[in-house]
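*Asks:* Each chain is listed here by its residues.
Number of protein chains: 4
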Amino acid sequence: MEKNKITEIFIVTTGGTIEKVYDEIEGTLENRQTVIKNKISSKLRLPYTHFSVQSILNKDSLYMDDNDRALIVQSLKELLKKNYPIVILHGTDTMALSAEVCFNEIKNVSVPVVFTGAMTPMGFEDSDATQNVTEAILAAKLLAPGFYISFHNQIFKVPNVRKNKDKRTFEEV
Amino acid sequence: MEKNKITEIFIVTTGGTIEKVYDEIEGTLENRQTVIKNKISSKLRLPYTHFSVQSILNKDSLYMDDNDRALIVQSLKELLKKNYPIVILHGTDTMALSAEVCFNEIKNVSVPVVFTGAMTPMGFEDSDATQNVTEAILAAKLLAPGFYISFHNQIFKVPNVRKNKDKRTFEEV
Amino acid sequence: MEKNKITEIFIVTTGGTIEKVYDEIEGTLENRQTVIKNKISSKLRLPYTHFSVQSILNKDSLYMDDNDRALIVQSLKELLKKNYPIVILHGTDTMALSAEVCFNEIKNVSVPVVFTGAMTPMGFEDSDATQNVTEAILAAKLLAPGFYISFHNQIFKVPNVRKNKDKRTFEEV
Amino acid sequence: MEKNKITEIFIVTTGGTIEKVYDEIEGTLENRQTVIKNKISSKLRLPYTHFSVQSILNKDSLYMDDNDRALIVQSLKELLKKNYPIVILHGTDTMALSAEVCFNEIKNVSVPVVFTGAMTPMGFEDSDATQNVTEAILAAKLLAPGFYISFHNQIFKVPNVRKNKDKRTFEEV
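Residue numbers (this note's numbering), protein chains in the order written: chain A, -5 to 167; chain B, -5 to 167; chain C, -5 to 167; chain D, -5 to 167.
Because the hints were derived from the structure by calculation, they are not lab data.
A pair counts as met if it fits within one copy or between any two copies, since identical chains are not told apart.
Taking lysine to aspartate or glutamate pairs in the EDC-like style, the calculated list, with each CA pair at most 16 Å apart, reads:
hint, residue 1, residue 2
1, K37, D120
2, K161, E18
3, K159, E18
4, K(-1), E165
Here chain A stands alone, though its shape is the one from the complex (with noise of 0.2 Å):
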């Protein structure tokens, strides 16, 4: 077995909290453009994986509809051909909907899929979105194939899966 290896990862993004960038001259938060990767790469050390970013969407995810779900689905379809562990960054609000349509319309995968975003945005003092992101990371190299959502240091099985507004986080149903 070939030792120090490389994970391939691929990071879908769609937008979300954990993307939201702000703009000075307009004084907004906004889902502008995917910064994601130079973020990571400069918040985590991940000497062991590689990852490619790939952007689908860049919405909030409160206004995702069937047509963009059916465009996650497609594009999971697509990016699993490559049998890498896939994490996917997703707005909260609607996270444990777009995970539930994955899994039922692909049902059985080879690599773990992996939600997860952020309930502030990476780039605040106390943002929740670099600790989102690497241990989802880390959850989509250790865990079976299937469909989860990792958040603050735990995993959920999908389908069972909801975000608890007022604990600010996600539990199982």
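Got chain A; can you put chains B, C and D on it based on the hints?
*Replies:* Structure of chains B, C and D alone, referenced to chain A:
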């Protein structure tokens, strides 16, 4: 003369980017409440400065009107009776206008009145808020009586100063 | 099965870079006291993890000797009776050696025992400590019973792992 | 008069806590090389300040001797010919002594010469370095010609200033 004297400063808050707080429940950046006292105390070392914070408004400065500016003038007149230097935290979009209204309505002051704010809210990793606040406090100790905007390590005499949106800073007119 | 169960974890501290604190009076970086519990709680969101911290040593691992390692083995044997997953914070210079001694002396465990540490102390802006700690806690929940080093999003099975000083990380032998 | 003039400033570095860098290979904090120019540019917004950095020493100020101070005096005399305000980064332990030597040897200056430093190195999360640097630069623009120590938002006239180790700041004598 007394050695190692503590300087008394008034910090007047009116809202604006500098005080915006990320609300995890709503997913928005808002001017909710004045958290500035705790943040300044935790981010800056001010062993020779005693400051009291007075919150008179909590608005994005784009939405300030004549009544709001009359309130700022009125509050300043009241505070000026104490003869302590004053730092005013204000949104950048109409900071120059508010400073000019105060200058025209009050004219003669016996202490420096220093406006400042931020392009990016305190609490973002790349915020200019802490820098602007510590510079404005120092300027309030060193400058002659009068009205000023202190921003990005530069002191502007009021009037004849404006925000330059493209350069993301202020400039002399 | 119980939903949203809290996982109990033991965090054992032995000193090392990860716990070094800057002493402003002396101007030195030292292993003074275990501040790790407060730091972990303030930097990570762990709503489903209950951890207790047990400090057994407070040493730069370069200066650990056989007696120190016997103490680690003895402490682990005691803690293992509880059957909670264990994360051990340890200096990187001799982490692989201590982990191997524990593996040889204890051999069979009913939970994962995960060693981790940091190249740069927690509290530096570019520290890898927070990343390593959150990954080690997640690994302690997901891995099969056994001895591991978790570092920079990679899991190494003990023995056959060493520090690579030039690459500033660990590697399989 | 020229509008929006750029101020030219000399920043002279001598080592000290403010410039200490963590060496991951050796696990030590050292005065290795002057990284101050990049750090200042990345941490502060200085659109109206042009600064050049001149590194004349790279020492913990506890170990500075008469020769080192003679070198500082000589370097200052040379730089003062340009008539740009000067900020000197210096270890806190003997900053007051070095400032007094410069004051006694040079006496008359046509610009402010402002010493500053830090209790905790730049790069630590709770460092006072960035605050002290931005305040010293502003002080160098606003003060009358003379020798000063600027520290923790307070300006001290040289001589008659000393470090108070217990209070972790400077004070008037």
